[in-house]
Each structure stands twice: as structure tokens, then as C-alpha cells.
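Work out the full structure, taking the sequences as your base and the hints as a guide.
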Amino acid sequence: MISLAGRDILHSWGKFVFTGIGLGLLIGVTFTMAGVYRGMVDDGKVLLDNSGADMWVVQQKTLGPYAESSNINDDVYRMILTIPGVERAANATYLTMQVRKGDTDVRAMVVGVATGDIRTPGWPPFLAAGRQITRGHYEAVADAATGFALGDTIAIRRNRYTVVGLTRRAVSSSGDPMVFIPLKDAQEAQFIKDNDSIVRQRRRTAENSDFNRPGVPGLLDAVIASQNSNPYVNAVLVRIRPGYDPERIAADIARWKRLTVYTRPQMEEILVGKLIATSAKQIGMFLAILAIVSAAIVAFIIYTLTMDKIREIAVLKLIGTRNRTIASMILQQAVVLGLIGFVVGKITATFAAPLFPKFVLLLSEDTMIGLVAIIVICALASVVAIRMALKVDPAEAIGG
Amino acid sequence: MKLPLLRRRTLILLAVAIPIAALFGYVVLRSGPLAPVAVMTAHVESRSISPALFGIGTVEARFSYKIGPTIAGRISKILVDVGEKVRAGQVLAEMDPVDLNERIAALDAAIRRAEASIKAAEAQVDDAMARKDYAQTQAKRYEQLWKTRSVSEVAIETKRQDSQVAFATLAAAHSNLVAAQQDLQRNQADRDGLIKQRENLVLCAPVDGVIAARNAEPGTTMVAGQAVIDMIDPNNLWINARFDQIAAMGLRKGLSAQIMLRSRGRTSIPGRVFRVEVLADSVTEENLAKVGFGVLPDPLPPIGELAEATIVLPELPATPAIPNAAVQNVGGKVGVWKVGGGKVEFVPVHTGASDLDGTVQIVKGLQVGDEIVVYSASRLAGTSRIRVTGDPAELLK
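Heads up: the protein sequence lines correspond to chains A and B, in order. Just so you know, we're using this note's numbering here: the first sequence kicks off at 1 and counts up by one. Just so you know, we're using this note's numbering here: the second sequence kicks off at 1 and counts up by one.
I should point out that these hints are in silico values taken from the structure, not numbers from a laboratory. Where a beta carbon is used, it is the ideal one built from N, C-alpha and C, also for glycine. A couple of the hints might just be wrong.
Derived, one-sided and incomplete: chain A residues facing chain B with beta-carbon distance under 8 angstroms [claimed, not checked]:
{"#": "1", "residue": "Lys-15"}
{"#": "2", "residue": "Val-17"}
{"#": "3", "residue": "Thr-115"}
{"#": "4", "residue": "Gly-136"}
{"#": "5", "residue": "Gly-165"}
{"#": "6", "residue": "Pro-217"}
{"#": "7", "residue": "Leu-219"}
{"#": "8", "residue": "Pro-242"}
{"#": "9", "residue": "Lys-346"}
{"#": "10", "residue": "Thr-350"}
Here you go:
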């Protein structure tokens, strides 16, 4: 038995394929939109993965360090190290800023990492070029997305840093690429004011007679020195020894050290549930509309394709073709159209993804869900067309 | 006629379908979880490394002098300005002596008066002496006359008493003279003291050096010990360098160093570790060391300028060594991704010393010649398929 659907597709294959490709582009956009959403969530997860921490110790009653600002003294990590079960604890600072790059600037998250080795939480987990930071000052590892190359000089506040390494997919929760610099420099970058305000502050202090007493030499110098110290960091990243319960250690720190502690699931909840919640909903809304529009367009196309050959279907009926054969012909055509659309959509999305400024993550699960959804939508869409085809009067084949 | 038409249609159909199918296949295999990760590999080499320590610090003068008055007072004159070279003993500033000069003048007068009193006392002594001699002579004469009974007994007793009074008067005159001399000495000593005090108000340079700061101007009142002038010895500058305690192993006296001054870009000046401080900074978690210049740069760097010091430690014997970019932390274990038969396997390693160029010695876990992943386009996992490439740009795409 010959395939009716195949014969019909071959008969007007050009129209059919081009319709499929058009549909594919639409599906491609839907896939990309899903990828944008997944990318946003992944940005948050990759930020937590890259930090290499099991828990985050932050200023009491803040959602820091990513979602809110948090400042704690930089010697807090020493008390945390004494808690049983803590394997490593390291200071970290995070500061999102525009980093000068030649005549322009790039938005980047400047991360201050404690000196040490790869075991230290906060270090870039892998490199794509160059080397890790070895000096305690004035070296930087930048994400490739910043556009910096090895050997470039980055100016952050008053200091210049040499790019010694490049990493990939080191991004903040909002997708800004990271620049890793030594902690002490980062503390300066974050907490020390610009030179002009330091000078103004000095003058202001000198004018205050409480601090500038004639009979107490050295008091003014001491006050000014204390104003310019910066013993703060944004968070302490903590890694737990295997076999210990992070929840319990977190509760211990929160209770006895009077700080707020977030474990990995809590932090994920903050990043995904709070930080990107609105933008994720926005994207999700858009995705839903796109899916509905795509489904409607598939239905229209199949309906029109069937209507185009309504006369031929009448002839088929006239010569005694069974309804089932006609129905399966339309269904098969719809499914084939969907498959072409899926293939083209997947190709388009894959090639379009790297062109986006932010990360677009195309998950295989999404692709599979997409495939099933397309087939279901096509099948449902063909129902209307099938009904039309079955209702057609065979007399139309000969009639006007 | 029918067949060729059918065949042409099939051909065109295939021409469209095959590229799409091929593209789809490429997309499925080259993206997503099935895609291989582009990596760059290296072989473990046996090489010796020279670990180095990196610290920053500020230029400081080894000897700095804070020159100020020992008692509270007002500055009357400042004779030098910042940057001037001065010699040992040169007068730098003077404090206002207030009433010191007047007090010295008063004492001068007192001394002169004391001298006059001495003269008066001396004259009194002479006078008493003369009276005593006369009284003695009279007494003697009356004694002889008494023997011949030519004077009355009353007369002789009167003369004897006169003589005793004259003796006493002389003794009193002598005492007066001594007192006047003591008075003179006291006044002279007072005057010497005041002159010393006045000399103390003149602030002099203790050594040859350069004026670093002029902290006050004439007319300012200073408390005792407050510095009017800061002076340094410019021939003894050093870097007060701070080294993070995590990377300060091997820091000791005598190691050679490279000093880079912030104002002089990338030119480095040779130096040497002069001293490692006994006390570390417990707040900043840094060890401190003084790094001296081999040859003092000309012009001299300003005191307080930021400087970087790189200390080169002695070369270590050759061991297997790898770039530090290859070392990764997977599940709390430090190791490297070893390449074998197109697959990667995580091998825990023990790392040893490292240098500032990013080479790490491997103590345990790898053999010379092992192929390891140094760079990768994404984070590797044990199940990752890899694609070895030699083009660094491919990893950054």
C-alpha cells in the first residue's frame, strides 16, 4: 500500500518544507526563550558552584552577600574555623562595578579571594588560559566574557591589576562576568574611599577640636589612621568536613557567633527564589505566550494545508477511501510538519544561543519536552482539520 | 519522461533533507551533554623551581629624628625648610626664651652685687684686723704699765676687753666675707643654669641629614616632646615590607630581593632582606621584613611611597612540576585531570612548593610524562568527553 501522506507531501513538497522551516524558526525562538530562562537559573547555580562553599556566613539579618550588602569583620573567619566540622573558612568580597577597559568599561563582579591555594573557597575552579593568582596583590583572573586577554591591565579604583589567568562561566547571579583579585586589594577597592574624599575627611577631622587638641600631639594622626582602616569583608565562605551536618553547624554559628548563616539550599532559594524571581517570571510569561502562539500557528497551518486540498479529499471519498485512511494522512502530515519544525528549531536555537550577551542554556530535557509538546500540539491541531476533511461532501469533487 | 522528473524531485528533496539532518546530528553531538569539552593538555615535566615571596610595603627611613623642645614653649624661629640638607650641630629652630634673658640679667646684677659685697666684707676684715692690732698693742702697753703700777686696774681691764672685742669683730668680718663669696658662687651657678636652659631652647641637628617635615611655624606653642622638625638620614632608606603569612615560608635575612616602586613602573631595583621582624602583624596576618636597597635610586624615593618586594628563594631540586592551572579541587580533594585513552580521570595529588610564575611541584600522585588537562572550556567531570586542542582561542570561544 502506498503512503497517502508521503505521496501528498512529495506532490507539493516545496510548500510543505518551507512551511516546516517557518514553523521551525518559531519553535527555535521558543527554545531560545526557554534557554534564556534556564541560563538565568544556571547563572545563580554556577555562582554558588564556583564559590566552592557549603555555607555562607554573613552580617546578622541580611540576605548577603549576593542579594543584599553584608559587612562583617575580616577576623570573623578565625572564630568560625574553631567550630568542629569546619574544614575551611575564607573571607570573600563581592562588588559589582564597571571595570575600565581601555576607553570603555565592562560590567563585572569583582571578587576578592583570600590568598592560599585551590582549596580556598572562592577561588576560580578551573582556568581556560594563564595561571591562578600567585602574588598577594595586583594580579587578576578574569572571565573570558569580560573581553580581557592575558597580560592586559585592569584598573579598579586606584590600583592596576595584571590579568594572569582567564576563566569561563564565572558569573554573578545577574550574569555579569567575574574578575578575581586578591582579597586585600578588593577590600581596598570596596571600602576605601577615593583620594579626594580621604583628603576632605582628613581636613574635616583636623578642624574638629575634639580630635585636634593642642596638648595631645599624635591624637589627630591616630584618629585619621583609624578612619582609613578597612577591616571588613562581605562574607565568609565555609566548607564543611565530610560527615558533618551543615544545618547543625550553621545553627551553631548563628546561635553562638551572632551571625546569619546560609546553607547551600537556602542560598539557592535566595538566588533563584528572590534575586531572579521577577525576571524569571517575566521570561516564563513570555515563554508561555510564545508556546500558545506557536500552537495556534501550527493549528492554522495544518488547517489551511488541509483546506487547500479539500477537493482532492472529496475525490478520495468519492472513490471510496475509508475515513481512517484520510484521517491518518492528515495526522501524519501534521506530525511530519512538527518534526521538521522541531529539527529546524533545535538547529536555530543551538546556533543562536552563543550570540546572546547572557548565557543561554539549552537543556536536553527541555528539548525532549519540546518534542513531545510539538507532536501533541500538531496532533491536536490536526483534529480540527480532520473533522473538516471528514465532513466534506464527496459531491464537491465533481460539483462547482 | 516520468522517471527523470521523479528522480530530479527526489534529488532536490535529498539536497534539502540531508544538510538539515547533518546539521541536526552536529547540533545534537556538539552541544548539550554529549558534546566533548575542548581542553589543552600538558605533560608533567621534571624541573627545578625557584619559589619566590611577594610582599608590599612602604619606603621608610631607617633612622628618623623628631626634634622638639624638652619643655613647653613657643617657637620663635625656624631656620630650615623641608628638603634642606643639614649638618650635625646646625641650628634648626629656636624656642622663645620668654623671661630667660631677663632672669640672666638679674643674676648678672646679683653677681656684681655679690662681688661688691665681697669687697665690702674684705674691707671690714681689714678694718677689724687694724682695730684688733691696735687693741692688742694697747693691751700690751697697759700690761707693762700695770707692772710699774702707773695705770689703774680698771684701765688695764678695759684694754683687755677692747682687745677681745677686736678679735671677735675680726672673726665676724671673716664670716661675712665667706658668706659674700658663697653668695657670688650661688648666683654664678644660677646664671650657668639659666644659660644652659637657654641653650636647650636652640634645636640643633643631631646628625647629617635632610629635613623631612616642618610640623609647626614660629609662634606655635609646643608641648614638651612634640616634634617641631622631622629629620631623616637619607642614606639609610629601606622598605618596610609585609608578606602574607600564608605565603611567607622561607623568608629570612640576607635573601636577595627585587624592589619595584609604584612611581617607577616596571623597573626593578635590586635589594636585600635586611631584617625579618620578630613581631608579626596579627591583625593583618602578615609577617614583616625590612628590605634594603642595594644601590639607592636617584632621585631618592619619597618616604611612604608604596613599593613591591619580590624575594627570590634558593632554587629547589628538580621534581615533577605542573602549571597551577591544572590543579583543581573536586569534592574537597586536590588533584588533576589525567588524560588516558581519550578519557579523563581525576587523580588526587600532593602539591609542594610553587613559584610566582604558577608552577607547582608535585610530591605525590603523578609521574614525569603523564598527560594532564591544564585548561578546559568548561568544568570537567569524570564522565566528560574531551577534545584535545592546541589552539588557546578555541577554549575561549
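To see whether the hints hold, each was checked on the structure:
Evaluation of the Lys-15/A hint against chain B yields a violated restraint, the C-beta minimum of about 13 angstroms exceeding 8 angstroms. The restraint placing Val-17/A at the interface with chain B holds, with a minimum CB-CB distance near 6 angstroms, inside the 8 angstroms limit. Hint status for Thr-115/A relative to chain B: holds, with the closest Cβ pair at about 5 angstroms, below 8 angstroms. The interface hint given for Gly-136/A is met, as the beta carbon of that residue sits about 4 angstroms from the closest beta carbon of chain B, less than 8 angstroms.
Annotation: Gly-165/A was flagged as interfacial toward chain B, and the flag holds, the nearest CB pair being 7 angstroms apart, inside 8 angstroms. Below 8 angstroms, beta-carbon pairs count as interface contacts, and Pro-217/A has one with chain B at about 4 angstroms; its hint therefore holds. Restraint check, Leu-219/A versus chain B: the minimum CB separation of about 11 angstroms is more than 8 angstroms; hint violated. For Pro-242/A, the interface hint holds, the least distance from its beta-carbon to any beta-carbon of chain B being 7 angstroms, beneath 8 angstroms.
Proximity of Lys-346/A to chain B holds as hinted, the smallest CB-CB distance being about 6 angstroms (cut-off 8 angstroms). Here the hint on Thr-350/A is kept, as its CB sits about 4 angstroms from the closest CB of chain B, short of 8 angstroms.
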